[in-house]
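Participant: Below are the chains, spelled out letter by letter.
Protein chains: 4
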Amino acid sequence: MKQIGQELLQKVITSRPLNSHKGDYGRLLLIGGTYPYGGAIIMAALAAVRSGAGLVTAATDRENIAALHSRLPEAMAFDLRETDRLFEQMARADVVLIGPGLAEGDFEKALLSKLLQEAGEDQVLIVDGGAISLFSQAALSFLKAQAIFTPHQKEWERLSGLPVAEQTEAANRAAVNAFPLGTILVQKKHGTAIYQSGSSESWQLTAGGPYQATGGMGDTLAGMIAAFAGQFKEQSLLDRVAAATLLHSVIADALSREAYVVLPTDISREIPRWMKLLCEEKTDFS
Amino acid sequence: MKQIGQELLQKVITSRPLNSHKGDYGRLLLIGGTYPYGGAIIMAALAAVRSGAGLVTAATDRENIAALHSRLPEAMAFDLRETDRLFEQMARADVVLIGPGLAEGDFEKALLSKLLQEAGEDQVLIVDGGAISLFSQAALSFLKAQAIFTPHQKEWERLSGLPVAEQTEAANRAAVNAFPLGTILVQKKHGTAIYQSGSSESWQLTAGGPYQATGGMGDTLAGMIAAFAGQFKEQSLLDRVAAATLLHSVIADALSREAYVVLPTDISREIPRWMKLLCEEKTDFS
Amino acid sequence: MKQIGQELLQKVITSRPLNSHKGDYGRLLLIGGTYPYGGAIIMAALAAVRSGAGLVTAATDRENIAALHSRLPEAMAFDLRETDRLFEQMARADVVLIGPGLAEGDFEKALLSKLLQEAGEDQVLIVDGGAISLFSQAALSFLKAQAIFTPHQKEWERLSGLPVAEQTEAANRAAVNAFPLGTILVQKKHGTAIYQSGSSESWQLTAGGPYQATGGMGDTLAGMIAAFAGQFKEQSLLDRVAAATLLHSVIADALSREAYVVLPTDISREIPRWMKLLCEEKTDFS
Amino acid sequence: MKQIGQELLQKVITSRPLNSHKGDYGRLLLIGGTYPYGGAIIMAALAAVRSGAGLVTAATDRENIAALHSRLPEAMAFDLRETDRLFEQMARADVVLIGPGLAEGDFEKALLSKLLQEAGEDQVLIVDGGAISLFSQAALSFLKAQAIFTPHQKEWERLSGLPVAEQTEAANRAAVNAFPLGTILVQKKHGTAIYQSGSSESWQLTAGGPYQATGGMGDTLAGMIAAFAGQFKEQSLLDRVAAATLLHSVIADALSREAYVVLPTDISREIPRWMKLLCEEKTDFS
Numbered sequence: 173m174k175q176i177g178q179e180l181l182q183k184v185i186t187s188r189p190l191n192s193h194k195g196d197y198g199r200l201l202l203i204g205g206t207y208p209y210g211g212a213i214i215m216a217a218l219a220a221v222r223s224g225a226g227l228v229t230a231a232t233d234r235e236n237i238a239a240l241h242s243r244l245p246e247a248m249a250f251d252l253r254e255t256d257r258l259f260e261q262m263a264r265a266d267v268v269l270i271g272p273g274l275a276e277g278d279f280e281k282a283l284l285s286k287l288l289q290e291a292g293e294d295q296v297l298i299v300d301g302g303a304i305s306l307f308s309q310a311a312l313s314f315l316k317a318q319a320i321f322t323p324h325q326k327e328w329e330r331l332s333g334l335p336v337a338e339q340t341e342a343a344n345r346a347a348v349n350a351f352p353l354g355t356i357l358v359q360k361k362h363g364t365a366i367y368q369s370g371s372s373e374s375w376q377l378t379a380g381g382p383y384q385a386t387g388g389m390g391d392t393l394a395g396m397i398a399a400f401a402g403q404f405k406e407q408s409l410l411d412r413v414a415a416a417t418l419l420h421s422v423i424a425d426a427l428s429r430e431a432y433v434v435l436p437t438d439i440s441r442e443i444p445r446w447m448k449l450l451c452e453e454k455t456d457f458s
Numbered sequence: 173m174k175q176i177g178q179e180l181l182q183k184v185i186t187s188r189p190l191n192s193h194k195g196d197y198g199r200l201l202l203i204g205g206t207y208p209y210g211g212a213i214i215m216a217a218l219a220a221v222r223s224g225a226g227l228v229t230a231a232t233d234r235e236n237i238a239a240l241h242s243r244l245p246e247a248m249a250f251d252l253r254e255t256d257r258l259f260e261q262m263a264r265a266d267v268v269l270i271g272p273g274l275a276e277g278d279f280e281k282a283l284l285s286k287l288l289q290e291a292g293e294d295q296v297l298i299v300d301g302g303a304i305s306l307f308s309q310a311a312l313s314f315l316k317a318q319a320i321f322t323p324h325q326k327e328w329e330r331l332s333g334l335p336v337a338e339q340t341e342a343a344n345r346a347a348v349n350a351f352p353l354g355t356i357l358v359q360k361k362h363g364t365a366i367y368q369s370g371s372s373e374s375w376q377l378t379a380g381g382p383y384q385a386t387g388g389m390g391d392t393l394a395g396m397i398a399a400f401a402g403q404f405k406e407q408s409l410l411d412r413v414a415a416a417t418l419l420h421s422v423i424a425d426a427l428s429r430e431a432y433v434v435l436p437t438d439i440s441r442e443i444p445r446w447m448k449l450l451c452e453e454k455t456d457f458s
Numbered sequence: 173m174k175q176i177g178q179e180l181l182q183k184v185i186t187s188r189p190l191n192s193h194k195g196d197y198g199r200l201l202l203i204g205g206t207y208p209y210g211g212a213i214i215m216a217a218l219a220a221v222r223s224g225a226g227l228v229t230a231a232t233d234r235e236n237i238a239a240l241h242s243r244l245p246e247a248m249a250f251d252l253r254e255t256d257r258l259f260e261q262m263a264r265a266d267v268v269l270i271g272p273g274l275a276e277g278d279f280e281k282a283l284l285s286k287l288l289q290e291a292g293e294d295q296v297l298i299v300d301g302g303a304i305s306l307f308s309q310a311a312l313s314f315l316k317a318q319a320i321f322t323p324h325q326k327e328w329e330r331l332s333g334l335p336v337a338e339q340t341e342a343a344n345r346a347a348v349n350a351f352p353l354g355t356i357l358v359q360k361k362h363g364t365a366i367y368q369s370g371s372s373e374s375w376q377l378t379a380g381g382p383y384q385a386t387g388g389m390g391d392t393l394a395g396m397i398a399a400f401a402g403q404f405k406e407q408s409l410l411d412r413v414a415a416a417t418l419l420h421s422v423i424a425d426a427l428s429r430e431a432y433v434v435l436p437t438d439i440s441r442e443i444p445r446w447m448k449l450l451c452e453e454k455t456d457f458s
Numbered sequence: 173m174k175q176i177g178q179e180l181l182q183k184v185i186t187s188r189p190l191n192s193h194k195g196d197y198g199r200l201l202l203i204g205g206t207y208p209y210g211g212a213i214i215m216a217a218l219a220a221v222r223s224g225a226g227l228v229t230a231a232t233d234r235e236n237i238a239a240l241h242s243r244l245p246e247a248m249a250f251d252l253r254e255t256d257r258l259f260e261q262m263a264r265a266d267v268v269l270i271g272p273g274l275a276e277g278d279f280e281k282a283l284l285s286k287l288l289q290e291a292g293e294d295q296v297l298i299v300d301g302g303a304i305s306l307f308s309q310a311a312l313s314f315l316k317a318q319a320i321f322t323p324h325q326k327e328w329e330r331l332s333g334l335p336v337a338e339q340t341e342a343a344n345r346a347a348v349n350a351f352p353l354g355t356i357l358v359q360k361k362h363g364t365a366i367y368q369s370g371s372s373e374s375w376q377l378t379a380g381g382p383y384q385a386t387g388g389m390g391d392t393l394a395g396m397i398a399a400f401a402g403q404f405k406e407q408s409l410l411d412r413v414a415a416a417t418l419l420h421s422v423i424a425d426a427l428s429r430e431a432y433v434v435l436p437t438d439i440s441r442e443i444p445r446w447m448k449l450l451c452e453e454k455t456d457f458s
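Chains as they are written, first to last, in this note's numbering: chain A, 173 to 458; chain B, 173 to 458; chain C, 173 to 458; chain D, 173 to 458.
No lab work stands behind these hints, which were simulated from the structure alone. Because the structure is a prediction, the values reported are computed rather than measured. Keep in mind that a hint or two might mislead.
Any copy, or any two copies together, can satisfy a pair, since identical chains are not distinguished.
Stated by the list, open to error - Taking lysine-lysine and the BS3-like style, the derived pairs with C-alpha atoms no more than 30 Å apart in a straight line are:
(1) 183 to 281
(2) 174 to 286
(3) 405 to 361
(4) 316 to 405
(5) 194 to 361
(6) 194 to 326
(7) 194 to 174
(8) 326 to 281
(9) 361 to 183
(10) 183 to 286
(11) 326 to 183
(12) 361 to 316
(13) 194 to 316
Let's have the full structure, built from the sequences with the hints guiding it.
Facilitator: As C-alpha cells, this is what we get:
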C-alpha cells in the first residue's frame, strides 16, 4: 500500500482564483441526522462548511433544525420528509452525502433506494454510516453517480461480505472491483485505507490515533470529504478524498499534543487554519 | 469608478457621545429566515448587533426563534406571520431590512408588497436576498422610504433587466437612475460596486476575496449595512453603506491571513474590535 | 451625590468560607422572557450564574427553555404558566427577579400582582423591565418584601410620576421616600443613580459609557444585582446592589478599550475573572 | 481516611493503545434531564464526552434534545418515554448513569425501579441526584449491577438514614456495608469522601473549594465518573471513581486561580487538556 503523505495535501489544497464565487466551491446536500442521531448531521455540516464548501444544505428531521441553526447558521436545512424538496435539491447538488446519523427505518431505506437511482453521472454520492447499513448490493446496478463509500470495518463486512478478519488488502481490492469502475472506498480503521475500483493500487493513512475514538468522528470526516469533493476539481476525486481523510487525522494529531481526546467539533474548528497553512506550504507537520 | 478607501471608515466610524442611549443607535427590524433559510436571519442579526445597532428585532418563523435566541439573546424575535405585530414594529423602526433567508412564497410576496407601500420617508429600507427576487418594478411607484438594494449579479439581472454580461458601470448607473432619486445599489460581486440614483459617480470595493465564497456572507453584509444605516447619521447614507460594505471585506481580508475560508459568523465576531481600532485611527490595514 | 468607588467592590466581594455550599449563595428565581422577549431572561440568567448565584431558576415561556438550556445548562427553567410551580418556587427563593423580557399582557399583570402580595419579608424582590411598566402604585400597600426597582428614565417617569426633565436628585429622593422604607431604586441612565427610601443620601455611578447602548444591557445588570443580593450578606443590600451596578459598568469600561460596542453577554463572560481580581484586591481599574 | 493524591490520577489516566476504537472506551447511557431540569443531563453528557467516553447516549425529555444537540452534537439523545428503546439501550450499555436532573415523578420512579432490576452484573450503574431521592432500600435486594451512589449530605441522609450531623466516617462506613459488596459511595460535601462496601478503608478528597458552589457541579461530576467507569479498566472501579472525583476538583482549583466562581461547563472544557497533562506525568498541581 502506498502511504498518503503531506505532499498530497499541498497538491490538493491550492489558492482560490480571485474572481470566483460560492457556486465554484460545491453545492452540497447532506442527508441524515434522523432521530435519535440528530447531532451527526450537525457535525457533518460543520465540517463541510469549515472545509470551504460553497453552499451546504442539510436534509434532516424538522425537530433537528433548531439545533443545527443554533450551532451553524451558515447551513440551510429542511425536513427530509418533504420529498419533493429533497429530490429537487438533490438534482441541483454537486455532491450528495447520505448517511451521517441516518436511522435505519423504512422511510430512510426507501429514500436511499430512490436516491441511488436518481443520482446522475455528474454527481458525487457519498454513502456513509446508516446509509451503508441500508445499502443493498442490488442497488449497484442502478448506480450512475460517482460513488464514495466510507464504512468502518463492520460496515465494510456487511457491504462486501468480507468478515473483519479477512479484510486483507488483496481481498478488499478484489471486493472493491465488484463496484462500478471508479468507486472509492474509504475503509475506516486504525490505519484507514483507501481503494478505488479498477485501480491496482491502494493507499494507507499513517496519521490519526486513539484520541479520535469518540462518537461523531466519522460524521466529521464525511463532511470534510463532501467539501473536498465539491472543490479542487483540478485534482482527481481520489486525491481529494485522500486529502480530506488525511487532513482530518493530521488535525487530530496536532490537537492531541495538548488533549487526551479530540472531539469531532474540535477538529472542525481548526480546519480553516490548517488549510491556509497547507495552501501556503508553510507547514511541516511530520 | 472611485475606490472606497480606509479613510472612509475612519470618517464614518466616530466616537459615540457620552450621554447617548440605545435609541440613538437605531431601532432595526430584520425580516427573513423563513423555512428552510432560518440561519440567514440569525447571521444578519448577529452582524447588526455586533456592529452597534441599538435595538435589533427579527421577524422570522416561530420555529426559528429558539436557534436565534440561543445564539444571540441580544435580539428580540417574533413570528413574522403575526402581521399586526409586524406592521406595528415596522412603523417604529428606523431601518427595515427585508430579505435574508426570505423564502419566495405567496405570503412573503404579499408581505413585501405591503411593506414597500407602508415604509415611510424617514425610514431606511434595505431589500436583500429573497426580497430582491420577489420585488417587482411596479412597486417602485409606491416607494417612499430611502431604499437600498443589495443584489448579487443574478439578482441584479432580474431587478434591472441587464444580463450579467452587460452589467457595465455605465449600464448599471443608467439602470439605477430608473429607481427613485437617492436609491442605493450595492452590487455584490468580485469587486462589489456601489451606485446611487441621481449620482454621476460610482464606487468600487477593492477589499475582499474568494475566502468569502460561502453561504451567509451576504446576510452578514446586510446586517452590517442595516446597523450602519441606524448610526453615524452625521454622514451621508451612501457613505455609511459604503463603510459597512468595506468593513465587511476588510475584516475578511484580515482573517484570511490565517484561514483558508472565512465564515460569516467569524466576521461578525471581529466587528467590535475593528470598529474600535478604526474609531481611534490607530489602524493601517493596507 | 456620593460617588460609588472601587473600594466598595472590594468591600463587598470577599472570599467565600471554605465550608460552604450552593445554598449559601442564593436561591434565585428569575421571571420573564415571555414572547417576543425570550433572550432577556437568558441574559439575566447568564449574568446571575456567572456572578456566583448558588441556584438559578428561570420561569419563562416553555418554548424559550431550549434556547436557555442550550446557552446555559447551569440554570433550571420552567413554564411560567405553571402557576402552582411558580408560587412554590417563589416561596423557596431568597431573591425573586421579575421583569427582564416580561411582556405586558394580562397574564403577566396578574402574575406580578400576585407575586407582590406573596413575596415575604425575608425575600428580596427585584422589579425590572416589563414588570415596572405593569406595576401600579396601589401594589405598594401590599409589599412586604425588600424591593429593588431598576427603571430607566422613562420607566421611572411612569413609576414616580416625575417627567424625565424633572428627575432631579431631590425630586427622585422625595419620590423614593413614597416607597416602603428601605426600598432601593437603581435609576438607569448615563450616570446611573441609586437611592434608598428613608435615606438622605444618594449614590452615583461614574463608570459606564455609550458602548453599552445596546439591547439587553439592563437584563444583564438585573441578573447581576439578583446574584449579589443572594450573596455577600455581611454587607447591606444597598452596598450589594451598588457593587453589582458598578461592576457591570467597570467590566464594560474595560472591554470597551478593545471594542466599539460591548454586548451584554460579553460582560457576563468576564464576571468571574473580575470578581476574582477584586476579591484579591489586586486590581486598580482607575 | 486516606487522602486521594495526584499519583492516583497518573496511575489511572494512561495512554490509549494505538489500535483501539470507540467501543473500547465505554458505551454510556445517561438518563435524566426531565422537565424542569433539562440542563443537568446536558452538563453530565458534556463532561462524559470530554472525559473520553467512547459513545454517549442521553435519554431525556424529547423537548430537551434540541438544546443538547446544539451544545453537544457528539452525544446521541432519545426520548426517555420510549421505554422499548430505553431498555434496549440499557441492555447494550457498559455504564448507566441515572439521576442528573431526573424529576421525582411516578414515571421516573417506575423507570428507576425497572432499571435497578434489569441492570446486569457486568454493568456499572451510577445513581445520582433525583434517582437517589427516588431510590428505596427495598431495591437493594434486586441489585445485580456494580453500583455507585453519589449523594450530597441530605441525599445520603435519606439513603442511609443517618442524619447529617451523625455522618461520621465510622457511621458512613457501617451504612455503606449494608449495600451489596463492592458498592461505591461518593459522599459529596466539602471534603468529599469515598467508601466501598466491604472495605475497611475510606478516602478523602483534599481538592475543591467554595468556587464550585453552583448548580450543575454534581451533574458534571457524575458525567466524569461515568466516563472513567467506561475506561481505564486495568484499574479498580474504586480507583477510577476516585480519580474522576479528584480530577473534577483539581480542575476547579486550577480555574479558581483566575475566577471567583467556576462553572460546571468551564470544568468540562478543560478536561481533555488536564487528562493529557496527567497522562504524560508532566504536571505537578500541588
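Participant: Which numbered hints does this structure break?
Facilitator: When the structure is compared with the hints, numbers 1, 2, 10 and 11 turn out to be violated.
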